[in-house]
Amino acid sequence: MTAKAAGRIPATVITGFLGAGKTTLLRHLVEHAGGRRLALIVNEFGTVGIDADTLRGCGIPACEEADIVELANGCLCCTVADEFLPAMQALLDRDPPPDHIVIETSGLALPKPLLRAFAWPGIADRVTVDGVVTLVDSPAVAAGTFAHDPLAVAAQRAADANLDHDDPLAEVFEDQLACADLVVLTKTDLLEEHHGPGALEAVRARVMASLPRAVRTVVATQGRLDPAIALGLTAAAEADLAARPSHHDALDDHEHDDFTSFVVPLPELPGAEGLLARLATVAADHGILRMKGFVAIAGKPMRLAVQGVGARFAQEYDRAWRPGEPRTGHLVVIGLTGLDQDGIRAALHEAPVLA
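Using my numbering, you'd call the opening residue of the sequence shown number 49 and step up by one each time.
FYI, nobody ran anything at the bench for these hints, they're computed from the structure.
Honestly, I wouldn't trust all of these hints.
[As the list claims (entries may be wrong)] In silico DMTMM-like cross-links for lysine to aspartate or glutamate, where the CA-CA straight-line distance does not exceed 20 Å:
1) Lys-348 to Asp-388
2) Lys-348 to Asp-390
3) Lys-348 to Asp-366
4) Lys-348 to Glu-321
5) Lys-348 to Glu-364
Here the structure is a predicted model, which means the values were calculated and not measured.
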């Protein structure tokens, strides 16, 4: 029985360093979707999402703007609770839902924390990880740099205030391979010219040495990979974490088993006066570690972004509401396992509307 037939939507995670060709592959998959309704989650840095904008402007009829969700607030594996959960739930709640979800991570993302998120309530019974596709920049591996432009990767790292791991590129490379269900060697047409005969075999050997199990390895030029190869792996990767070792398996900052996260939808509020004080009270009363999200304020053309750690909260109007966008908000609540979710939901729905 396929995941779709069982009521679970397949999701494919595409990972690899900056410049490895993730967006090129993603565009090719969209162009050759064969009638499948794909939804895309693109993890880009900064205020301008270059990858998402590239895809939105591709002119492909099947690539509608509503099918692309951009997560621009930092490395996806480090903001998974804040960013990934509400994005996934929004896609799953669409009518009709997508046939397949494709997630392009940032170049610095560690895949395993993302895979763990698929076990969270509200996601586990609705989505399965069809497979992790890891792109390898072949000339960069041959050169021992792993990324085409290490300085650009360093700049990407420096620009991400949410990044909570600072690992050598070789370790990130190995973590990305260890999670892979399919490895795609890119830019192989440049190998012999720059690294001489036998370079492709050397790259394959380096990749094979980092794979903890047998994984198919293919070559793709300019992102041309048959979607039948990348989509439809049926790996159920979220249920196979033990076979995907990571350099971070023993580190608390990438172990989410003791934490829980859930989303609280909020209606439009009549005003923002005293909002942060009331949210801080709810956080203190319930032992909440972090809250982050946005709310709609009546009469305001921009949405109000709020975030708090413990009882310390901040707010700012971050962007204008888009035409036709529902003026509703949500808060992602994060805390230790055992949070009184019903009590927190009730308190959050009560607190913001008290004048």
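message = Name the hints, by number, that the structure is in violation of.
response = 1, 2
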